Amino acid sequence: MIGALARAGLAPVARGDGGRERPLIARVGVEDGELDRLLGPGTARRPERPGGARDRDASGRMVIDLDEVEVNRPIAEGPVAHLLLLAGTMTDLRRAVTVRALLPPAKSVTIAVGELPYLHPAPLPVASGHPGWRHLLDLRVRMIEKRSWVLETEFSEPIPAGEVLSAAARAFGGDHLDAMPQPRAALAGVGATHWRPGDPNAVLTTTPRKGDCDVVLKAGAEDAAESAPEDVPPVVARPEPVEWTRFAEPSGYGHLAVLSDLSMVPPVDERAVNPGGFLQSPPHGYGRLEQRAGRWAAVYDDRVLVRFAASGGVTDADVARLRKLRGLRVEWRLSHTGPIAAARVLAGLAAAGVPLIAPDPPDWVRPLLGPELCELISGVAEADLDDDLDREVHSVRLRRRALRTHGTRARWRQLTADEVPEAHVAAAPKVSVVLCTRRADMLRFALSQVARQRGVDVELVLGLHGVPREKVTEAVRSVPFPVTVCEADPSLPLGAVLNQAFALASGTFVTKMDDDDWYGPDHLADLVLAQMYSGAELLGAPAEFVHLEQIGVTVQRSRRTECFRDTVAGGTLFMTRTLFETVGGFRPVPRHVDGEFCRAVRAAGGRIYQAHGLNYILRRRAAEGHTWREPIGYFLAQRNRRQWRGWYANPLMEL
Amino acid sequence: MRMPTSRQLMMVIAACGGVALLAIVAATLLGVVTAEIAVLLALGGGTFGGVLVLGLWLRRLDGKVQRLSERVARQAARPAPEPPRSEPLEPRLQRVEAAVTHLGDVADRLEDRVGTILATLGEDRVEAVYRHKHYTELLTEVAADLRRVTEDARALVESAATARDGGPRAAEAPRGERRAD
Chain A
313 MIGALARAGL APVARGDGGR ERPLIARVGV EDGELDRLLG PGTARRPERP GGARDRDASG
373 RMVIDLDEVE VNRPIAEGPV AHLLLLAGTM TDLRRAVTVR ALLPPAKSVT IAVGELPYLH
433 PAPLPVASGH PGWRHLLDLR VRMIEKRSWV LETEFSEPIP AGEVLSAAAR AFGGDHLDAM
493 PQPRAALAGV GATHWRPGDP NAVLTTTPRK GDCDVVLKAG AEDAAESAPE DVPPVVARPE
553 PVEWTRFAEP SGYGHLAVLS DLSMVPPVDE RAVNPGGFLQ SPPHGYGRLE QRAGRWAAVY
613 DDRVLVRFAA SGGVTDADVA RLRKLRGLRV EWRLSHTGPI AAARVLAGLA AAGVPLIAPD
673 PPDWVRPLLG PELCELISGV AEADLDDDLD REVHSVRLRR RALRTHGTRA RWRQLTADEV
733 PEAHVAAAPK VSVVLCTRRA DMLRFALSQV ARQRGVDVEL VLGLHGVPRE KVTEAVRSVP
793 FPVTVCEADP SLPLGAVLNQ AFALASGTFV TKMDDDDWYG PDHLADLVLA QMYSGAELLG
853 APAEFVHLEQ IGVTVQRSRR TECFRDTVAG GTLFMTRTLF ETVGGFRPVP RHVDGEFCRA
913 VRAAGGRIYQ AHGLNYILRR RAAEGHTWRE PIGYFLAQRN RRQWRGWYAN PLMEL
Chain B
61 MRMPTSRQLM MVIAACGGVA LLAIVAATLL GVVTAEIAVL LALGGGTFGG VLVLGLWLRR
121 LDGKVQRLSE RVARQAARPA PEPPRSEPLE PRLQRVEAAV THLGDVADRL EDRVGTILAT
181 LGEDRVEAVY RHKHYTELLT EVAADLRRVT EDARALVESA ATARDGGPRA AEAPRGERRA
241 D
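So the sequences go chain by chain: A and B.
Start counting the first sequence at 313; every next residue gets the next number (my numbering).
Start counting the second sequence at 61; every next residue gets the next number (my numbering).
Since the hints were derived computationally from the structure, they do not count as laboratory data.
All values reported here derive from a predicted model rather than from experimental measurement.
Where is the CB? At the ideal position from N, CA and C, for every residue including glycine.
Any given hint could turn out to be false.
[Stated by the list, open to error] Stretch-level coverage of chain B by chain A, calculated; a stretch enters the list once three of its residues show a Cβ under 8 Å from a Cβ in chain A: (1) 168-182; (2) 185-192.
[As the list claims (entries may be wrong)] Negatives, chain A to chain B, calculated, CB over 10 Å: (3) L516; (4) P674; (5) A815.
[Unchecked claim] Estimated spans, in silico, between C-beta atoms of each pair: (6) K193/B <-> V453/A: 19 to 25 Å; (7) K193/B <-> E643/A: 21 to 27 Å; (8) L181/B <-> E534/A: 18 to 24 Å; (9) A204/B <-> S572/A: 47 to 53 Å; (10) A204/B <-> E643/A: 34 to 40 Å; (11) D700/A <-> A215/B: 57 to 63 Å; (12) L181/B <-> T517/A: 38 to 44 Å; (13) A569/A <-> A203/B: 26 to 32 Å; (14) V156/B <-> V438/A: 54 to 60 Å; (15) L216/B <-> P546/A: 33 to 39 Å; (16) E147/B <-> E643/A: 50 to 56 Å; (17) V217/B <-> L568/A: 44 to 50 Å; (18) A203/B <-> E534/A: 32 to 38 Å.
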């Protein structure tokens, strides 16, 4: 997938024209034919030996495929003048980060990415603390025809090219920091990049010691090493993906072990493949996922939109091309290149929230996808998704399940649960809910909304704004989570009360909930997921569903979701405690505290991500009961998607 | 006129020389000429014969040379033979190349087909394994159910028999254990 890179003029760079030396060329996610189109015919040569990704073309040019590189030796012996890295998509670039330590120092590094989703923010790299960045002479980022990007750097002294690669990957991902959680892993074998994408801290050696890492992952190995010495960390082996043809061999039964459970499937890189960009009302109909030339391809109206990689890895560009489809129907016969790759395609698409319809799934896919995900994709028909809201509900269920079972973090927890159980941080993150109220009559309702949250470790900080503590003692005593009561001076503005309550929060994340709104049971867990895949500093949901109590009507407003926005609903603000402290808290004003907070985050360079709105229903009573005092006509005059007489909750609210 | 061969020439000259020698000897014996004059005539005749042989041999040689020259001139005047006509190489190469490409395409297609067939077989095999497993589990469950039903039925029969023979108290216990299924 090289997009418009063929018109980026990289061939002269690769030839070393203009007085420059011929570069060392590395590729990832770029197929042979595409490489020929980019750099001229004859550039691509398949390695003749396993792991033999280092080959020279006819003109003596070195071309390295980073997906097939051996991790036990560097790509070049010493510094090189120029390194040219070609990546198909951002997802591929993140895989390259995993083997960044193999790249040699270079005075000039050019990184080209073939296709980014349309309107992706400009990838502007931020230098790390590496001293090599002091030698930077020139840095240039250019866009080629709206979707392809080329980043060129020049240094007065050679700098490890891996440093530039990491900075570029962070830039393309839009993150200031990018890391994988513990345990620290050593990777061995060919194809290890697929198992820990985007990990700049991976150890690349075949002989790791316990001091270097906590666990070793051997890719392409049938089983872990026999009795390992004391000082060698535990080894997890994962066989290479087996193609269908291998099962037809006389020894085919021997490969059935690879279909045992979902940890045999390489994980989905949630930072690259996620629900971001989901369209609530897509313009096109249903597509088909069917076999084309030996692989699965997404076909719509007899036109191939995406042909998936043989490995089954789904990329952000693949997902972007499928966003305009209402759904994708899976044709099971000849499922991609093999069972592992097929399951990987489905897991990736599900994690991105692409509505999948896969009736009658074969039995082999159940252990690989997990029974819940399998039930989800096989339990719907096209007629069930004709309604936009039903389709989005299905999508949210898919992405939740896929991200929680097939995401990189989840997969590593499964892989190393037995080997290094002590290395994991808690599966359920601690979230402090800050709930400020001046209405004692709403307290029991508000507590019930907090109590129904699942998948997170909840702590409640209850800010009493004019409500005496005695009035809430009884209600608070019965809740099944820790509660901290903060009794604020009634004369203080709401912003100041919130600041006092936020200061008492002890969770990793802090969120604000309103006392009269309805929240789905996965509201907080979904925001934790969104924080993980978006990397945004501040998150929230839109006020998409509003119940107008005065006239007994519920409306669904037209709101773009799963994207970066300027503001989110005040009753859903979700952030890290660090952000709250960095921004300096809420403005001490009585109204518009949420909007002011969003403004402060944006001004500080933070990004605000709006997740889906199916977990939240805003209750609208008489205007004087709210700090947000828009008249009722405001909610009716705008273009609404739908309207219900009475109270309505979508199925995800579970009410 | 055909040139006499050197042997014929030598025979004619030898015959003439012999006649002349006999005439000189006869003339000398008859005393027509003196002996000295006879020797002189013999020597003169011998020299004349030698000169004649030489002249004739030279003429013959000259004739041969002339014939050779004429043959060379004839050969030179004859037009050069045309080289054998050969077909241009390029179209042939192109045809060979196209054939090789076609063969490659056919081989690729066949390879694809074989690959597809093998993949289908592999997929069928995997599905068959899982189906076999599924049916084995089903059979095990059915066998267990059947065993239970048989045992229940047997117990019922026994209890009915007992009830017929022994009274209501013995018959009540098994009826209470009857399963709904």
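Of the hints given before, which are not true for this structure?
-> The structure conflicts with hints 4, 6, 9 and 15, although it agrees with all the remaining ones.
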